[in-house]
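Note that the protein sequences, when read in sequence, are chains D and G. What the first sequence shows, in my numbering, is residues 1 to 579, in sequence order. What the second sequence shows, in my numbering, is residues 1001 to 1156, in sequence order.
What the hints contain is simulated information worked out from the structure, not anything from laboratory work. Bear in mind that the values here come from a model prediction, so they are computed numbers and not experimental data. Don't be surprised by glycine CBs; every beta carbon is placed ideally from N, CA and C. Check before you lean on any hint, since a few could be wrong.
To be verified - Away from chain D, derived, C-beta distances all over 10 Å, residues of chain G: (1) A1025; (2) V1031; (3) L1032; (4) N1097.
To be verified - With a straight-line cut-off of 25 Å between C-alpha atoms, the simulated DMTMM-like cross-links for lysine to aspartate or glutamate are: (5) D:K49 with D:D194; (6) G:K1064 with D:D276; (7) G:K1064 with D:E143; (8) G:K1064 with D:D171; (9) G:K1064 with D:E64.
Said to hold, decoys possible - Quick list of simulated restraints, FRET-style, between CB atoms: (10) D:A573 with G:F1144: 37 to 47 Å; (11) D:L579 with G:E1152: 17 to 27 Å; (12) D:T278 with G:E1073: 25 to 35 Å; (13) D:T445 with G:N1067: 17 to 27 Å; (14) G:R1148 with D:K275: 31 to 41 Å; (15) D:N270 with G:R1082: 17 to 27 Å; (16) D:T278 with G:E1141: 29 to 39 Å; (17) D:N270 with G:S1041: 55 to 65 Å; (18) D:Q234 with G:E1073: 20 to 30 Å; (19) G:E1073 with D:A574: 50 to 60 Å.
One letter stands for each residue in the lines below.
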Amino acid sequence: MEGRSKQQATIQLRMPFVAIFLIAIAAYLVFNLANFQFFPRSVRQELEKIGSSITNTTLRIPAERGLIYDRDGEPLAFNIVQYRLGVSPNLVSDPVGLRSDLAEILGMDEFELYRRIESDAVWEFITAPIAAEQGQAIAALDEISLSLEEIPRRFYPQGSLAGHVVGIVVDDGLTGTLGVEGAYNETLAGQVLDLAVSNVPLDLPEERPPEQRGQDIVLTLDRDVQFWVETELQAAVENYGAFRGSIIVMDPRNGDVLALANYPSLDPNNFLEVKDPTLLQNPVVQETYEPGTVVQALTVAGALESGAITPFWTYNDGGQLQLGGRAIYNYYFQSFGTTDVASVLARESRVGAATIAMEMGGQDFYSALRAFGMGSYTGVGLFAEERGDLRVPGDPDWSEDRLALNAYGQGFEATPMQIITAFAAIANDGIMRQPRIVKQVISETGSEEAQPSTLRRVISEETAFIITGLLTNTVLQGAPQALLPGYTIAGKPGTAAIPTAIEIERGANTSIVSFVGFLPADDPQAVIMVKLDRPDEYFGYEVAAPVFRSVAERLVILLEIPDDNARRQLAAAAEASRL
Amino acid sequence: MSQASSQHTHRRGRLQTRNQATALAVLGVAVLLILGSLYLSQVASFAITNRAIEDLISRRDQIKRQNEQIIGEIASYRTVPRLYARAVALGFSPATNADIDYLYIPGYQPQREAKALAAADAKAAAPVAPAYDQTFSGWLEQQFALLRAQFESFGE
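Same shape as in the complex, but just chain D (with noise of 0.2 Å):
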């Protein structure tokens, strides 16, 4: 009884120690139950995620890519929808019926489709891509075992048409890289939307966010002028064995690029099949080049524009120069005498260049390139532009010698686009224009059309006047090959020698040649430039004047350029109506 009572007192001394011990333990259960009700965010949002993850799917759906149109609306680049095709054979309840079916949907053999359809593979690819009539003849056979996947897909209908400046696209068709495609991608590419789509049959569809689907963009491309352009350029680069060649046609009132073609061309349709990297780029404003002879205009312009030469002006031509060292020479070592400004520029020398360009000094010369915008980017709106190699005094690899050099366009480097700009300045009454390939983008709240805009005054209305007349005369005594019947012309042939690592190469197949000139002379609506690169013959008289005058033969008719007699008649047609 005594022993029992002792038991007795133990368990109650203990007891209590007992209850803690539940208490605590049932306090810390208790108090983890309610912290699990309370996780951090990031933790209940992974857990939401897996949550959601069992009943609903997700699905990434890259919004429709802006369409490009030429300036009069027709398509130059859209979107198509393509298909990828697979089978789970584990579902395949008539494996000979589907077999004969998508053979002759597909064209595909049997024996092929039915390794795949027999296959012990949970998912079988079949074939990609289908295209869209394919893709809905088989969503039409509403076989469960098939999984048809869209795989959008970017199309040129217009082919190799402009196809350096349309672009192209990459990264399942998210990316532009090259051209208008890879300039305004951030325009064209719209947002991509990520939905969330229930798998449980009592959900109902969720209502979509508004897709933000890209905007379109009309070009400032005529699709006609690019055409003839395009077909002019091939013969050219096959008839005078150029290595290669780009053609720009510009309107240098409002700055619009009416037509950009390179040869070799590139179609973006079919761009992973091009072995040569370099046609993936545009060379009319991602590669520079010495531009050459043709720049003497802009150094004669430039001269005239700050009064180290007038019109009269003239120096004695021995032929060759010494400066900074090096020799200047003519081609072909000649020497002219007395010589004036016109003969400068209609006889290509390089010397009376050189001599025109230390008359003006390096702060003036300078001052005249870079306004006509030599070693900066144009802005045009082409994808990974160039802004060229212009070394000024102050430059470190700068020398005397290249102020002689410069002023015949060898010894420093321009893009094409840049070439053409400072012309059509000229031609525009001394007023550069922004040059712009797009004339307009349409979202789906309204469009808004991109107004020409003016960038400097570079020369005065009567240097412009005075430079025009002289290249009008350059074209008469030094590339009568550009002229077209019943139209003056202003232009200037440019020759430039490719300087290699070692020397500067000589002989055919050497040089690259060019002709800019604009059209009509006294009211310029067109400018045009052509530039061949390595052809049989040397000098661009001979060679890219010929090609100027055929596309401008063609250019008249499309862009309805009357000639000077049948202006003069309806300019006095006019004046009679007036008075």
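Take the given structure of chain D and dock chain G to it, following the hints.
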């Protein structure tokens, strides 16, 4: 008598209790059936609606794709080389300058934009290009202008 009567009453009471339980059970089953059928009809209605909506969305997408396909085909038929080849096949040839007569139409201005721009230039003088300065500050200014142009080109 009273004992027999009480036994009878007791038996009837048991019977009544059993009938009530049966009735309640039947009622319960009936209510469950009604609720079940209501639930099923709702589920079926939802499922049918979902299916219909998905079909409509799919149909809409299909029509949209067909439309794009047709636009593509039309654009392919309207390419310049194709039109040119067709025109030549029909006996047309490219016009030359000799084939064109220009007429003066009083009041018609074919180059309205160009004239308007020229007028705007005449009103507001275009900014003159800054002269290149061979001093250090000129060089610095030039570098700054180039940097700014580069940033602007990034922003495009």
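**Q.** Minimum Cβ distance from V1031 (chain G) to chain D greater than 10 Å, as the annotation requires
**A.** 23 Å, holds
Q. Quick one, are K49 (chain D) and D194 (chain D) close enough, alpha carbons at most 25 Å?
A. 14 Å, holds
Q. Do the alpha carbons of K1064 (chain G) and D171 (chain D) lie within 25 Å of each other, as the hint requires?
A. 23 Å, holds
Q | C-beta pair T278 (chain D), E1141 (chain G): status relative to the range 29 to 39 Å that was hinted | A | Roughly 36 Å apart at Cβ, these two residues keep to the hinted range, so it holds.
Q: Given the hint of 50 to 60 Å, check if E1073 (chain G) and A574 (chain D) actually sit that far apart at their C-beta atoms.
A: The hinted range 50 to 60 Å is violated for E1073 (chain G) and A574 (chain D), with Cβ atoms some 46 Å apart.
Q | Satisfaction of hint between E64 (chain D) and K1064 (chain G), Cα-Cα up to 25 Å | A | Given pair K1064 (chain G), E64 (chain D) holds - Cα atoms ~12 Å apart, limit 25 Å.
**Q.** No chain D beta carbon within 10 Å of L1032 (chain G)'s
**A.** 21 Å, holds
Q | Outcome for the supplied range 55 to 65 Å, where the beta carbon pair is N270 (chain D) and S1041 (chain G) | A | 56 Å, holds
Q: With 17 to 27 Å as the target window, see if N270 (chain D) and R1082 (chain G) comply at their CB atoms.
A: Since the Cβ atoms of N270 (chain D) and R1082 (chain G) sit about 18 Å apart, the hinted range of 17 to 27 Å holds.
Q | Pairwise hint evaluation, E143 (chain D) against K1064 (chain G), where the allowed Cα distance is 25 Å at most | A | 22 Å, holds
Q) Taking the CB of A573 (chain D) and the CB of F1144 (chain G), does the distance hold inside 37 to 47 Å? A) Hint violated: Cβ distance 53 Å, outside 37 to 47 Å.
Q | Range agreement (Cβ of E1073 (chain G) with Cβ of Q234 (chain D), hint 20 to 30 Å) | A | 26 Å, holds
Violation of the numbered hints given earlier is confined to hints 4, 6, 10, 11, 19; the remaining hints are satisfied by the structure.
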